[in-house]
Amino acid sequence: MHVPDGFIDAPVSAAAGVLAAAAVAVSLRGARRELGGHRPDGPDLAPGAERTAPLAGLVAAFIFAVQMLNFPVAAGTSGHLLGGALAAILVGPYTGVLCVSVVLLMQGVLFADGGLTALGVNITDMAVVTVLVAYGIFRGLVKVLPRGRRAVTAAAFVAAAVSVPAAAVAFTGMYALGGTTDVPIGTVFAAMTGVHVLIGLGEAAITALTVGAVLAVRPDLVYGARGLAKPLELRTSPLAGPAAGREPSGEPADTPDAPRPVAARRSTRRVWLAGVAAALVCAGGVSYYASTSPDGLEKVAQDEGMDAKAEDHAAKDSPLADYSVKDIANPRISGGLAGVIGVGATLAVGTGVFVVVRRRRGAARDTAVADAATGDATQPRHTPESA
Amino acid sequence: MGAGHAHKLYRPAHSPVHALPPHCKIAAVLCFVLAVVATPRTALWAFALYALLLAAVAAAARVPAGFLLKRLLIEVPFVAFAVLMPFVATGPRVHILGLSLSESGLWGAWNILAKGTLGVAASVLLAATTELRGLLLGLQRLRMPPLLVQIASFMIRYGDVIADELRRMRIARLSRGFEARGVRHWGVLAKSAGALFIRSYERGERVHLAMVSRGYTGTLPVPDAAPATGGQWSRAAALPAAALAVCLLGWTL
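From first to last, the protein sequence lines are chains A and B.
Using the working numbering, you'd call the opening residue of the first sequence number 9 and step up by one each time.
Using the working numbering, you'd call the opening residue of the second sequence number -7 and step up by one each time.
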């Protein structure tokens, strides 16, 4: 949904333009690091500034092309991929923001799809918010879920499913700030979120299937799954017997532990940052809504909605919260629902960080135990081999 | 390499509009759209004047009206949204043809339709009179980061190649008797998308190596075109200056 000229007023468009320009500038730096090359067993290769342009350009061309791939839904209707979440997971958040922004820019300048003055709004909404939310949720889930290909696919599903309604919420926020029409914010919110929850489910299915397909063939190309590659294991053939008696057989015992702490340290920070960003976006949208609500009745309803959320949330996951938004199209409650989404997202991310921290401590304890065990086992090292 | 670079929206011709330097045209279109967006929506006559201005530019560029109108169809989704608006907006209501419509909603719909259509028309005129490479170089001369311009130019250059690969995959699927009919077939299509990503990424790596072997260090040489003369700038500024005058009149009258 490309926003045309005149839909959002000039000051908000300009502010969104500044935000988008800053995001693109940051992404230009980050993308050099992401595309600089990567070895699964060592430090990243030299920062490849000269790799950025061809690779990011081809990925942008891929996003542009994949939006032409029609997925039939039923009875002659069909949809297509938006690609924000897919780009974030396949090539990383910075490159993802960059590629989607370039696609939007070219669509605006060449195909007149999306207004020139609304370019900042479009980039902020469809590139920055979508990619950040998708990647934050994806990293959090990958850390929390057990390691493996299926977990990556599931995380891609949830990330894409949430990122599309999140973009709709961000759009509603910008509309609340600078909309040029008098449609009540509650109506816009309910309509946008309702439609985009459905679109998000389709996007999620396609994204998860595509990520799964790439993982099956070239897992090293999936940026979001880089930490998950298992190091190669050397196994001595039982036929070679003890006569071969090579030393490397001792190595598989400690190599699987080696990359784990590194991966955990790096991604926890990212999860944290993404969580803060997501919470800011949600809180911003909700607070704008609260400040523009004219009458006291709505405020009361909103407060009640906030209260009702407390019992609701404990048992519910974020997708369920989205469902409830879709069911209740009453604009009075939607303010409270915005609170549910905001607080729910914050809580979910907070819980994710908590789990990650607990896991890390557990992992540290495990490795300590393992170290102690290997320390004990150093003297009779050759016994398992000879057995 | 020479043939594939002309995009379908470009209409080659020799006209005063085609001859203007691209960065002047980009700046002029941007300023024009800004003036349009800043105009109060109650000044109906101002939008008619804007449309006349664009029609004059189209005539000067020898862009036929049918071409322009056909390209405006891209706006249809938002027209649907605008049509809904008088029914859902709040405020005092008016009765037209037995329908109860919101007055502010009608103004809002008019606002979106008028400004959106003028913006699309201006963009279409820009794309119709400027070559792709010129557009990118123009953006670079307007201080867009060179890396971003490079990424955009790679995207444009290889967009057709990647789209052709997608088309070949579709033909391969069809020739094997596969036809996607519903949600059950998404798996196959998603595998195509995954394969397309791998092919695109690997093509990017090959392109990079080929360029490095030819001495590429991260920057592309920019042909140093002569800077635009004052005359060219003033000719390009005619459109936004007229628009600005209309906009100011719209606020004062």
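It should be emphasised that the hints constitute simulated quantities derived from the structure, not laboratory data.
A portion of the hints provided could be inaccurate.
[Said to hold, decoys possible] Calculated lysine to aspartate or glutamate pairs in the DMTMM-like style (CA-CA distance at most 20 Å, straight line):
| hint | chain 1 | residue 1 | chain 2 | residue 2 |
| --- | --- | --- | --- | --- |
| 1 | B | K183 | B | D156 |
| 2 | B | K183 | B | E157 |
| 3 | B | K183 | A | D228 |
| 4 | B | K183 | B | E194 |
| 5 | B | K0 | A | D121 |
| 6 | B | K62 | A | D121 |
| 7 | B | K62 | B | E194 |
| 8 | B | K0 | B | E194 |
| 9 | B | K62 | B | E157 |
These figures come from a predicted structure and were not determined experimentally.
Hint check:
1. K183(B) / D156(B): holds (17 Å)
2. K183(B) / E157(B): holds (14 Å)
3. K183(B) / D228(A): Satisfied, since the Cα-Cα distance of roughly 17 Å is no more than 20 Å.
4. K183(B) / E194(B): holds (16 Å)
5. K0(B) / D121(A): With Cα atoms ~15 Å apart, K0(B) and D121(A) stay inside 20 Å; holds.
6. K62(B) / D121(A): holds (13 Å)
7. K62(B) / E194(B): violated (37 Å)
8. K0(B) / E194(B): Violated, because 27 Å separates the two Cα atoms, which is more than 20 Å.
9. K62(B) / E157(B): violated (28 Å)
In summary, the structure is inconsistent with hints 7, 8, 9 from the numbered list given earlier, while agreeing with the others.
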